[in-house]
Amino acid sequence: MNALRRHRILNTIWGAPKGWRGTVVSVNHSDIGKRFVIAAFGFFAIGGVLAMLIRAQLATPGSAFVGPDIYNQLFTMHGSIMMFLFAIPMFEGLALYMLPKMLGSRDMAFPRLSAYGWWCYLFGGTILIASMVFGVAPDGGWFMYTPLSSKAYTPGINADVWLLGITFVEISAISAAIEITVSVLKLRAPGMRLDRMPLFAWYLLITALMMIVAFPPLILGSILLEVERAFDWPFFDPARGGSPLLWQHLFWLFGHPEVYIIFLPAAGVISTVLPVLARTRMLGYGWIVAALLSLAFLSFGLWVHHMFTTGIPHMALGFFSAASALVALPTAVQVFAWIGTLWNGRPELKLPMLYLLGFFVVFVIGGMTGVMLAMVPFDLQAHDTHFVVAHLHYVLIGGFVFPMLAGAYYWLPHFTGRTRDELLGKTTFWLIFVGFNVTFFMMHLTGLLGMRRRVHIYPEEAGWTLLNLVSSVGSFVMAFGFALFAIDVALHVHYARRRRRNPWTAGTLEWAMPVPTPAYNIASLPTVISREPLADAPALASALSRGEGHLGEPRRGWRETMAVDTTTGAIDHIVVLPGNTHLPIVTAAATGCFFLCLLAGRYWLSLLPVAGVVVLGLRWAWLLDWRRDIGPLPIGRGEVAPIHREAAGAPGWWGSVFLLVADGTALASLLFGYAFLWVIAPNWPPPERIEGGLAAGLVAAAAGSAGTLLARRCLADGAAGLMEAASRMAVAAAAAQLVTILALMALGVTAQPVPQAHAYAACSWALLAYALLHATIAMLCMGFGRARIAAGHVSPRRTLDLRVARLFSDYSTATLAIVLVCLLAPSVMS
Amino acid sequence: MLAGATALSLLVFGLLLLAFLRRGREGRTSPTVWIGGLGVAMPIAVLLALVGYALMLGERIVAPGVSGTVVIDATGRQWSWEFSHRVGDGTPATHNELHLPAGRPVVLRIAAVDVIHSFWVPRLAGKMDAIPGHVNLLRIEAAQPGIYEGQCAEFCGSGHSGHLFRVIAHDEAGWVAFQRGERQ
Ligand code: HEM
Ligand SMILES: [Cu+2]
Ligand SMILES: [Cu+2]
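In the order they appear, the protein sequences are chains F and A. To convert, note that position 647 of the first sequence is 775 in the numbering used here; the numbers rise steadily by one, no gaps. To convert, note that position 14 of the second sequence is 459 in the numbering used here; the numbers rise steadily by one, no gaps.
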């Protein structure tokens, strides 16, 4: 097979049809990644226009341009769009597009999940933007503090739009996080040990793990608040044992790690681009990985520093203040590693480097003001002023936008296969850089002079007029800069000269493929022996197109790529990925209908799309069919490997594990909320507690345990080839879960006080609902397992379905036990 | 703090500039110098000093609890402030006007009836949130008699921009008169 023929065959296997049909069905990571990036830039433009309106309003004191109601929508939407619809999706897009290429793989681990996440993001974002057009956009600030966002003080649907719309978009964040984690851990080129991964992959792996733990508290908080608004369950109402502080804890448990979640991928871009442009290697690979791990860990210990003014005891403040200062350390490690790298190399002032220098200046200043804010006495003055607005933009624009612009100019030749002269790009840089500093430096000053954030007018006597005017002028200069950037990119895409493969002579694998990249990335997979495969073998690219690596011979129309052992990078198995399908967009549309029903207050109607999503989900899993044993297959270079259905650590299994980690974090947040209210909130102990219910609880516990044991037997029988027995066990396990469901319902109805009565009752019902949901999932999994056995998808070699079913059963029973203890222990002990 | 921050920023910018100027000169430096020294050791020293200082300062500002001080209830609502002065006979309550004696520590019991507000008089003290269902304590002291402007610092809905109040610090005579219910 020659290179051209191989290219043709692989292209038909991996490509998508032309036109709108291809757009709808494509699950290819390059397509999805590019879409995320482009859409995120579109949302950035919208958020930017809102920022311009904000600055237009603040340019003069007492401006009558907009009133408070519009102004509140403007800054709320600006903040929410920038955080949820721009920053996170932007790096998700970059990761989806870039990771497989850097790791020497042909796609991500769950292509359909990426596509589903994309459609959820697009639909959810559209709902948010549409609300603005109809004038009912969220207006409670981007952190939506209760009780302002509760029904009593925001009776309209504005707050519902935020809670539901953002949760919808978060689905894409969680799916991207699981996708990235499993892909980095498993789908790499053979030989790529953990310590040979490009640093960019490390950064994204850690970011993704942080997302898996950070987003569930926000999602849970949003659900609780939405349930309070819709059904009057008083989680946050102090009159009935709730507390507004609970929302703040849940929000910042997410919100602080969020800042690092946004920063780390951008730092990953720096660690990739900077050494290449300095013609050297990154200094201190091990130091950086250690710094990242400690950053991930520390960032979960600082959320309280957003709450210094809420009356928390000073010693506790001291602890969080120290932790907040400590987090500067891993950042300092990175900054000095970058400078040391420049020092060792021969840095050239090419365009991406210019943006990196912009990053250094802006980000270091932002970091300094950050340490200042971490000091309690200072924060008590500066909190909620424009000083904080200045600080957060120095960190976000400095730490995210500038590196991303550097990355954009660095990888544009990769996206398009073209290069262009740098004049326009340099003009753009100076406009953005100068405009930015003029805009936000002034805000430090207005803030220190006492200007509060989120005010639409300020008195003329305050003496802030000139500073604000200058700041507004600066923001328009910056806006011109971004417009020019868009023009520059458009010119690049359409008119630049076609160029050779590796314009920067970089060492990472994404440059070992033709540009723009074909749908399959690489014609065969390399064997990696160092961190910079391309530096070892400059001719690697053509060798790979000649099919000299692994999986060079396409077969059976399969989308094949390699999975490796996580630490050693040794060949583990072949992953056969699913191809183009309508399922992601249809499932996302059904999910969207669910959210729209809730938004319209049609709660019964919303059960319809839920049923739709369940059916589609089962179909989704069903389509991965495999009705016979395949056995080890040749993978080129004289080696063989099994396919993933017949291997132990298949991506699907790992994906389920990480999904359950996220799920467990949500439960932990709920338990934290329950305990927090019990200890802190006013009006406790509750007027009525759970009475009785012990019998129902014991039945539920017994049935749940039986369900798990039966699920394990089912797997054991399946693995031993006893298909009849396995089938019976699956039915019995599903039946046991049904009994659990009924017993839990009985417990709720007979023993629990109504949820509207008190936050205690509301928490108990929330816990019960959690257990019910998971028993239902376990039941569906076992039913699914039974059907798979009957259809011949399971054999002693192919037990993946049953292993995943067992995993969910185990999880359901473990959490059931926790929930029952929390529900029943107080009444049993008293 | 500002001077320290400026010095550190200038250090970083200076090193960056040098990195570009020394292009082409030979000699690799080791990670330990850069990362271990500048990245770890230096920040630890700076941060330890800073945090220690802030804790000491904060202990004085935040922690109330001196006995014999004047206690005043401050309650935020959309969009006004009620102050009830637990002094004298009539415990006079005032609207958007907080009266206190100058030169003496005052403890405020800060609460809210509807949404979260935040009590902030920039020239007197840092801010303290007013949270429904909770009471927060704040100690303030006006050194001189006079009028101090105050504002709500937590976003509280469409009246947030105009959620203002003022603090009137009396001299001894004025404070005695105020307690007797005589308003100037
Ligand atoms: C493009 C230039 C930008 C300008 C001129 C700008 C301007 C502003 C201003 C003036 C405010 C304060 C509004 C107020 O408190 O009254 C604000 C708030 C905010 N901005 Fe920006 N911004 C820009 C870009 C960004 C970016 C890129 C991000 C995030 C990645 C961002 C995130 C936020 C957030 C989270 C808030 C707080 C919103 C709230 O108080 O609820 N901004 N912005
Ligand atoms: Cu207020
Ligand atoms: Cu306010």
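Calculated from the structure, these hints are not laboratory results. Certain hints may be false.
To be verified - Facing chain F, according to a computed beta carbon distance under 10 angstroms, are these residues of chain A, among others:
| no. | residue |
| --- | --- |
| 1 | 528 |
| 2 | 559 |
| 3 | 561 |
| 4 | 571 |
| 5 | 577 |
| 6 | 590 |
| 7 | 594 |
| 8 | 596 |
| 9 | 598 |
| 10 | 600 |
| 11 | 602 |
| 12 | 607 |
| 13 | 615 |
| 14 | 618 |
Claimed, not checked - To spell it out: a stretch of chain A is covered by chain F in this simulated footprint if at least three of its residues, at any positions, have a beta carbon under 8 angstroms from a beta carbon of chain F; those stretches are:
| no. | region |
| --- | --- |
| 15 | 515–521 |
| 16 | 541–553 |
Unchecked claim - A short list of chain F residues far from chain A (calculated; beta carbon distances all over 12 angstroms):
| no. | residue |
| --- | --- |
| 17 | 167 |
| 18 | 416 |
| 19 | 456 |
| 20 | 477 |
| 21 | 598 |
| 22 | 748 |
| 23 | 768 |
Glycine included, every Cβ here is placed at the ideal spot set by N, Cα and C.
Taking the hints in turn, this is what the structure says about them:
At a threshold of 10 angstroms, the smallest CB-CB gap from residue 528 of chain A to chain F is about 18 angstroms, leaving the interface hint violated. At about 7 angstroms, the closest approach between the beta carbon of residue 559 of chain A and any beta carbon in chain F falls short of 10 angstroms, and the interface hint on this residue holds. Interface hint status for residue 561 of chain A: upheld, as the beta-carbon distance to the closest one in chain F is roughly 6 angstroms, under 10 angstroms. Nearest Cβ of chain F to the Cβ of residue 571 of chain A: about 2 angstroms, under the 10 angstroms cut. The hint holds.
Interface restraint check for residue 577 of chain A: the shortest CB-CB distance to chain F comes to about 5 angstroms, inside 10 angstroms, so the restraint holds. With a cut of 10 angstroms, the hint placing residue 590 of chain A at the interface with chain F is violated, because the nearest CB-to-CB distance is about 21 angstroms. With a cut of 10 angstroms, the hint placing residue 594 of chain A at the interface with chain F holds, because the nearest CB-to-CB distance is about 9 angstroms. Restraint check, residue 596 of chain A versus chain F: the minimum CB separation of about 6 angstroms is within 10 angstroms; hint holds.
A distance limit of 10 angstroms between C-beta atoms decides the matter here; for residue 598 of chain A the minimum to chain F is near 4 angstroms, and the interface restraint holds. Nearest Cβ of chain F to the Cβ of residue 600 of chain A: about 4 angstroms, under the 10 angstroms cut. The hint holds. For residue 602 of chain A, the interface hint holds, since its Cβ comes within 10 angstroms of a Cβ in chain F; the closest pair sits about 6 angstroms apart. Given hint, residue 607 of chain A at the interface with chain F, holds; its Cβ is 8 angstroms from that chain's nearest Cβ, closer than 10 angstroms.
Below 10 angstroms, beta-carbon pairs count as interface contacts, and residue 615 of chain A has none with chain F, the closest being about 24 angstroms; its hint is therefore violated. With a least beta-carbon distance of about 30 angstroms to chain F, the hint placing residue 618 of chain A at the interface is violated under the 10 angstroms criterion. Proximity of the region 515–521 of chain A to chain F, defined as three or more residues with a beta carbon under 8 angstroms from a beta carbon of that chain, is not established by the 0 residues found. Coverage of the region 541–553 of chain A by chain F is violated in this model, with 0 residues showing a Cβ closer than 8 angstroms to a Cβ of that chain against a need of three.
No beta-carbon of chain A is positioned within 12 angstroms of the beta-carbon of residue 167 of chain F; the least distance is around 29 angstroms. Against chain A, the non-interface label of residue 416 of chain F is violated: not every CB pair exceeds 12 angstroms, the least being about 8 angstroms. The claim that residue 456 of chain F lies off the interface is violated: its Cβ sits roughly 6 angstroms from the closest Cβ of chain A, which falls inside the 12 angstroms cut-off. The claim that residue 477 of chain F is not at the interface with chain A is violated, since a C-beta of that chain comes within 12 angstroms of its own (minimum 7 angstroms).
Every CB of chain A lies more than 12 angstroms from the CB of residue 598 of chain F, the least distance being 21 angstroms, so the non-interface label holds. Every CB of chain A is more than 12 angstroms from the CB of residue 748 of chain F (nearest about 42 angstroms), matching its label as outside the interface. With a closest Cβ-Cβ approach of about 41 angstroms to chain A, residue 768 of chain F is found to remain outside the 12 angstroms limit, as its non-interface label requires.
Against the hints set out earlier in the document, violations occur for numbers 1, 6, 13, 14, 15, 16, 18, 19 and 20.
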